[in-house]
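Chemist: Please put together the full structure from these sequences, using the hints given.
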Amino acid sequence: MNHQALWRLLVFTALAGCGRQRPPEHSLRVAIINDPIMNAPLSPDIGSVLINKVIFPGLVRPSDSLTPSPDLAASWTISDDGRQYTFVLRSGVFWHDGRPFSSADVKFTFDQILDPTSGTLQWSDFSVVDSVVTIDSLAVRFWLKSPFAPFLTLLGHNAGIIPAHAFHGKIAEAVSFNRSKPIGTGPFQVVESVPGSYVVLATNPRYYGDKPKLDRIIFKIVPDVNAQVAQLQAGELDLVTLEPANLRGVESEPELRIDQISVPQHYYIGFNQGLPLFKPKAVRRALTLAVNRQAIIDGVLRGFGDFPQGTIPVALRDYFADSLPKIVYDTTAALSLLGEAGWHRGADGVLANQVGQRFQFTLLVDKGNPSREQTAVAVQQDLRKIGVAVTINTMEFASMVRDYVVPHRYEAYLVWWNTPLDPDQFSYYGSGQSNNDVLYSNPTADSLLAAGRATMDPAKRRQAYLEFQAVEAVDPPVLVLYYPREIQVRRAVLRGLPPLGIRDAMRHSERLYFEPR
Amino acid sequence: MLRLLGARLLQGAIVLWIVTTATFVLIHAAPGGPAVLADPKLSAVERTAIEHQLGIDRPLPVQYLAWQSSMLRGDLGRSFLYQTPILETVLNRLPNTLLLVALALIAALALALPVGLYVGARPGTPIDRFVATANFTALAIPPFWFGIIALLIVAAQWHLLPAGGMMTPGVEISVIDRIRHLILPVAVLAFPIAAELIRFTRSAVREAWTAPHLAPAMARGLGARAVSRSHVLRNALLPILTVLGLQVPMLVGGAAVTETVFAWPGMGRLGVEAALGRDYPLVMGITVIVAATVVLTNLLLDLAYRWADPRVRTEG
Amino acid sequence: MKRSFLPLALLALFAFGGPIWYRIDPTAIDLGRTVAEMSRAHPLGTDESGRDVLARLMTGGQVSLLVGILAGVVALLVGTIVGALATARHPWLSAATSRLLDAAMAVPSFFILLVTVTLFGGSTTTLVLAIGSTAWMSIARLVRAESLSLRERDYVTVARALGQPPVAVFRRHILPHLVPTLVAAASVGVAQAVLAESALSFLGLGIEPPTASWGNMLTGAQQNLSQAPWLAIYPGLLIVLTVLAVNAIGESAHLRSRVA
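Chains S, G and W, in that order, give the protein sequences. Those letters in the first sequence? Residues 3 to 519, per the numbering used here, in order. Those letters in the second sequence? Residues 6 to 321, per the numbering used here, in order. Those letters in the third sequence? Residues 47 to 306, per the numbering used here, in order.
Quick caveat, the hints were computed from the structure, so don't treat them as lab data. Among these hints, one or two may not hold up.
Claimed, not checked - Just so you have them, the derived chain G footprint on chain S, three or more residues with Cβ under 8 Å:
no. : stretch
1   : 36–45
2   : 173–187
Said to hold, decoys possible - Taking lysine to aspartate or glutamate and the EDC-like style, the derived pairs with C-alpha atoms no more than 20 Å apart in a straight line are:
no. : chain 1 : residue 1 : chain 2 : residue 2
3   : S       : Lys387    : W       : Asp71
4   : G       : Lys46     : S       : Asp47
5   : S       : Lys283    : S       : Asp83
What the hints assert, rightly or not - Chain S side only, calculated, beta carbon under 10 Å to chain G, not exhaustive:
no. : residue
6   : Arg31
7   : Ser126
8   : Glu194
9   : Val202
10  : Thr205
11  : Asn228
12  : Arg404
13  : Val408
All values reported here derive from a predicted model rather than from experimental measurement. Ideal placement from N, C-alpha and C gives every residue a C-beta, glycine not left out.
Modeler: In C-alpha cells, the structure reads:
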C-alpha cells in the first residue's frame, strides 16, 4: 500500500467510519421548508401543513378514492335540508397527554375557526357554519346557514381538532404548544423539536386506528430546494416533493422512486375583466387558443402535468369534463376570433383596433420560481406571434397579491389555485365573490356554481359542474395553463403511501412503512 | 479605561438606535406586506382581523413609538411568521451562527498565520508567488459556489460528510456527529477569510521585518527565530486584528449564504426568511441583536488591539 | 498601470461588443431544446429554458459588470467624501462624520444589503445603490488614514499658510496623491460588488430573471449541475476572471503608490 492510499484510507475511516450516525430504522425523514406552527386552525401554511396533518386528525379524512371517510367521527347523518350535520365521535380516543377526547374539543376547535380574531386562517372555509353544539360527550351537531355540499370535504382538509384543555387564552399565543409540545390525537406525537433544524415524532401508543408501522417521522427543515436534492442524494431524506426543474439530479439515483400524483390545482393567467380589453369573451377565448399549452407542459413541466379543460382539474375525477372538445393551439382560429372582436393586424404585425389602440398588456409573475417564470416567457412568445405585446413584470408574491391583485390594479397575472378535493369554485368565479379577483361575471356560470355547492345529490352536482365547464369553454373566466402533477420523490423502500397528494397522504401516516431489505 | 468603556457603550447605543430607526423606515417604505396576508384566498374580514392582530393597522408613528418603547423594556415583540417572542426566537439561533463564525475565524487564523508568517519572511520566492496567486484566485471564487460544489461532491456523491443540518435528528447527541456536520460549513466560511488574512499577514510580516527596531535586536545577537517570535509576530498582529474586526460584521451577515446552502439553523437564514416573509418585528429584532453583537465584538477587538499595541493605550 | 486595465477591457468588450455581431435574442426560450449541448445554432449550448448561453453570457456580463463598476463608483464617491470630511479641521464636522463612519462599520453590511434588496427587489438601480452604500466604509477609512498623514506634509502646510480654502487644499494637494490608493480601494469594491451580486442571486434576491446576470445564471445552473456542468462553469469562470482582472488593476495601482 503506497503512502497516498494509506492517507486516503485514514481520512475515509476518520470521516465516514466512526461516528456516522444513522437514525434508528423505520424512521421516515421528510423535508419541510420552515419551522412549523403545530396548531391546525392557525396554519394551513406550506411549512406547517404536513406535520399538522399527522399530529391533528380531523373528523373525516379523504379516502384513496378522494371521498370523505370516518376518522375522529365514527359516523354522521345529514338532515334532508342539508343544513344539519350530526357526528357521532369515535369512542376511546385519547389525546397525546392521556386525557380523553370528547365533543367539547370539536366545539372548541370550531369556535376558534369561526372567530377571525383568534388568528385562524380557515375562517373563510367555514363561514357557512352558523353554530356548533355538543349533544353529549361523543356527539356534536353543526348548523349551517345554507346547504353546502363541500362541507365534509373541507372537514377532512385542514380542520384538525385541537384539545380544549390545553389552552387558556388565545390559541395564537400558546407558544409552547404551537412550537414544541403540541397535543393531538394522531398516530405520531412530537417528542423533540429543535427550532430551525427538525421535529421528531414517535409512535403514539394510544392511537385509535391501526397500529402505526413506522417508529418515527422526522420533519427536517430544509428551506433550499437544492439542499433538499443534495440531502436526498446523500440518503438523509426519504420523502420530498420537487418541481420538474429540480428532478434531473435525482432521476438517475437507483435508490429513489419518482411518483406523479394529480392534485387539485389549476395554474392560470387571470385577465382583469374590469378592463374593456378583456371584457369580451371572444378575446379571452382567442388568447387561450393562441397559447401553446402542450409545449409548456412538455417543455417547462417536462411532461409532469395534464392538458387543461376548464378550471376544474382532472384530479377531481368525477367532476372533470372529459368529453368536451379540447381547446388546442390554433393561431388562425385565435386571429379570426380577435378579428370578430375588432382587432386586426397592422403592417407591423401588431394587433390594433379601429381607434388605433394596440393590443398590449403587462403580465405579473411572482419571482423566484423558475417554472412560472419560464411559463410567462413562453406565453409572451406565443402571443407575440399573433401580434399581442406582453410585458412581463416579476415581483414578490406578497406584493403582487396585496398591491395589485386584491385591489384589482393589474391587467393580467399568473397564479394558481390549490383547492380542497371538491369542485366548488363559487368564491373564485361567482360574480362579485370574495376570491373573484379576475372580476369574471357570467349569469349562467353563477347559477351553475351556486347549484353545485347547494346540491347534495352527487349526480346533480356532477351535471352542474359539467355544464359549468361547457360555459367556460365559450366564456373562459381565466386562461387555464395546466394542471400540474405533484412529483413525490421517495426512497424506493418506502411503501404504503396512498395515491394522494402528499398533504392528503399525510392524513394516513400510520400506513407508511419501510420494506425490509 | 472605564471612562473609555462608558463612552464606547454610549456610542454603541447611538449606533443601535440609528440602525433600528433606519430599518424601521426601510421595511415600511418597501412594497408588499406580511406574508400571512399574501394568501389570495383571504377575505376582507380575515385581512382586517389579521392586520389588527399583528398591530399593523395602527398609524406608522404609533407603531414606531410602541416598538421603541417596548424594546427599551427588553420586549422585542412577537414574530408574524412564527408567532413566537422575538428574543427567544433569535437567541435560539444566535449561538448556532456564533459557533459557525467563531470556528471559521479560528480555522482561518490557524491556516493563515503560519502560512502568512512563512511566506512573509520569504518574499519573492516561488512559494511566496504561489501562495499569492492561490490567494488571488481564492478571493475571486464566489463562496456560495464553493459551498455547493463541496456539498455535491463530498456529501451527495461521496457520502463522506452529512449534506446539511446541525446534527443527525433522532439519535443521541454526540460530539463526533456535531463535528461531522460542522466541517463543510466551517470550511466554506473560513476559506475566503483565510485568503484575506494570508494576504494581510504576508504584507504585515514583510513590513515588520524591515522595521527599524529589528536591526538593534539582531545586533544584540538575538536569533532570527527569537526575533520573529517576539518582534515580528507582535507587530504583525495589529493589522491582522484590524482585518479581523472588519470581517466580523461581514461574517455574521455573510453566514446567511452558508447557512442556506447547508440548512444550518442560524441567524442569517432566519434573517433571510424574515425579510422574505416581511416579518417586521423579526427583521428589526435580528438587526438589533446582530448590530449589538457586532458592536460588542468590536469593543472586545478594540481592547485586544490596545493590549497588542501599548502605543494605542494613551489615545482616546 | 495602463496595461493592467487590459483584461477588464477585454471582458467589457465581450459583454458590450459581443452582441453587435452575435445577434441571438438572449431571452428567447426554446422549450423543445432545453439544456442542449454545443451546436452550430447555440455555440455554447442552451440553458434550462432553452435560451442561448453565449448570448446570455454577453448580456449577463453587461449587467454584472455594470452593477460591479457602478456600485464600486458609488462606494468610492461616498467613501472619499466621508473620509475627507472626517479629517476636516472643523471639530464638529470631523467628529460627526467619524461617528457616522464608526456606526456604519458596526452594521452587519451584508445583512442590511439582504434586507434592502429583499424589500425593494433586484433591479440594477437598487443593487447598485444597495451594494455601493454598504461597501464605502473601508474606502472612507483608507482616505481618512492617508489624508491624515498627507496633510502633515510640508507643501500642504505651506498651501494652508498661504490662505487657500480647505476644500481647495484637499482637491489640489491631497486628492492627487490619493489616486493610486483610491484606485486600489475601488478595485476591491468592484470585486466585492460582483461577488455580492452573485451571492444575492443565489439567495434569489439578485438581478431578477428573465434578465440575465452571471450571478443568476450560476444559480439557474444549480439544478442541472450533474447533467450540464458547463452551465455553471461559464458564468462562474467569467466571475472569477472579472474579479481577477479588477484585482490586477488594484494591485498595479498599489505597487505604483509604493514606488511613488
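Chemist: Honestly, which of those hints from before does the structure not fit?
Modeler: Numbers 5 and 10, in rising order.
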